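Asker: The residues making up each chain are set out below.
There are 2 protein chains.
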Amino acid sequence: MTERFDLYYWPGLQGRGEFPRLVLEAAEAPYRDMARLDETEGGGVPAMMAILETGIGGRIPFAPPFLVENGKLVAQAAEVSAWLGERLGLAPTGEADRLFARTIALTTADLVAEAHDTHHPVGTGLYYEDQKPEALRRATEFRRERMPKFLGWYERLLMANGSGFLAGDRLTYADLGLFQIVEGLRYAFPRRMAAIETDYRRVLALRDRVAGDPPIARYLASPRRIPFNEDGIFRRYPELDGD
Amino acid sequence: MTERFDLYYWPGLQGRGEFPRLVLEAAEAPYRDMARLDETEGGGVPAMMAILETGIGGRIPFAPPFLVENGKLVAQAAEVSAWLGERLGLAPTGEADRLFARTIALTTADLVAEAHDTHHPVGTGLYYEDQKPEALRRATEFRRERMPKFLGWYERLLMANGSGFLAGDRLTYADLGLFQIVEGLRYAFPRRMAAIETDYRRVLALRDRVAGDPPIARYLASPRRIPFNEDGIFRRYPELDGD
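Taken in sequence, the protein lines are chains H and F. The opening residue of the first sequence carries number 174 in the working numbering; numbering runs sequentially from there. The opening residue of the second sequence carries number 174 in the working numbering; numbering runs sequentially from there.
If you're looking for bench data, these hints aren't it; they were derived computationally from the structure. Heads up, some of the hints might be wrong.
Given that identical chains are not distinguished, each listed pair holds provided it fits within a single copy or across any two copies.
Below, computed lysine-lysine pairings styled on DSS-like, alpha-carbon distance capped at 27 Å [to be verified]: (1) K305 / K245; (2) K322 / K305; (3) K245 / K322.
Predicted model only: the values in this text are computed from it and were never measured.
In isolation and in its complexed conformation, chain H is listed as follows (with noise of 0.2 Å):
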């Protein structure tokens, strides 16, 4: 039976699917996108509604991104992607490498929910404009201390590392984490970023290949990346941001 992953999140967005999606592209794995995929090919939201109410085989996702195959789920942006690396050949090799790249997925996933959270720091579900005098303390508190914490940590794993990614001695899903991370704060924090990402030019350099992976960049120049936007984890609100 040929394999064929089924991935389900919230169309119109990249949020915390862009994860497993990378994921996918750079391994050219057959996957369909479930939830932008037309109701009449068994697509759509209300697919993706069905599983979250009723899950497979008794196993139900609390949220999006989930991943289907073979009657198997997985949920968890950090467990899809690294679940997925592993089948396809997007992890490191040695046992130690391999079970410390799920260590920096999983903290990779802190920093998502770390970002964001500076436009929802009371609750996601309130909008931004409800808790707009909260995200302006908490967005400058991850801007000057969470911001130069996470990525000076990536940036000493690849000092330590010296092969130029983080885990191990080929790219992997914890390398396509850290270049979605660089994209995102890009986005929504560019005078940030601007004023410290030179600081981090191993992690640049990474960023870089990445970007510069065939797969990727076809990837990133076709309609299936979606645009940031306001709607996903990494928004542009030029008040939130600073130097």
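Based on the hints, put chain F in the right spot on chain H.
Answerer: This is chain F only, laid out in the frame that chain H set:
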């Protein structure tokens, strides 16, 4: 070579370290709680800080908890718990369930982060006292919207699975995580839990089953179980609780 697990986490609080600790205890695995060990035995906070600085074999964790075994390093509470559970017989046996248990553990980690942010909605670098108005709003959202959503999801999983466990048909690290969630929510939000917890009778039954598991019961009665306190993730600030 006999396996031995070295767990590193801040001493004096349960925090995120409690998730892997519960797995080690339930499996009665040989482990050392390194930061609580005397410095003359190679433990203490300085030993932990040294690994946060330089890593193990170039693999540097972002934050505790992390686990070291035979030269390998794993960080992130959900990943450490999953890795230990799969090693120590506290994971589902079937492939689809093994995979889904990881999804559950990562979702539990998201809930833990949200519980943390009820008292630190602006940033971890600031005192609770310096973010009280934001904490009041976030905690209200958490109690009203997020607690029922997460607890309701676990309840649906238990209903769909039917074995009394979250994944597969035996006790796993996913169940241990849910036990800790119930304990933590009861500690931090006693009024809210009293008001809603009977809606989740399968969750409560699993909590009781875990508490009665002999190795866990022995652990909970031992000095190794640190009491909940206001340095941890789940903090009892009466002003953040409510029906």
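Asker: Have a look at K245 and K322 and pick one of within, between, both or neither, based on CA distance no larger than 27 Å.
Answerer: between (36 Å within a copy, 24 Å between copies)
Asker: Go through the copies and call it for K305 and K245: within, between, both or neither, with a Cα cutoff of 27 Å.
Answerer: Neither. Shortest intra-copy (40 Å) and inter-copy (43 Å) distances fail the 27 Å Cα cut-off.
Asker: Given a CA cutoff of 27 Å, do K322 and K305 count as a within-copy pair, a between-copy pair, both, or neither?
Answerer: Intra 24 Å, inter 24 Å, cutoff 27 Å: intra and inter.
Of the numbered hints stated above, the single one contradicted by the structure is hint 1.
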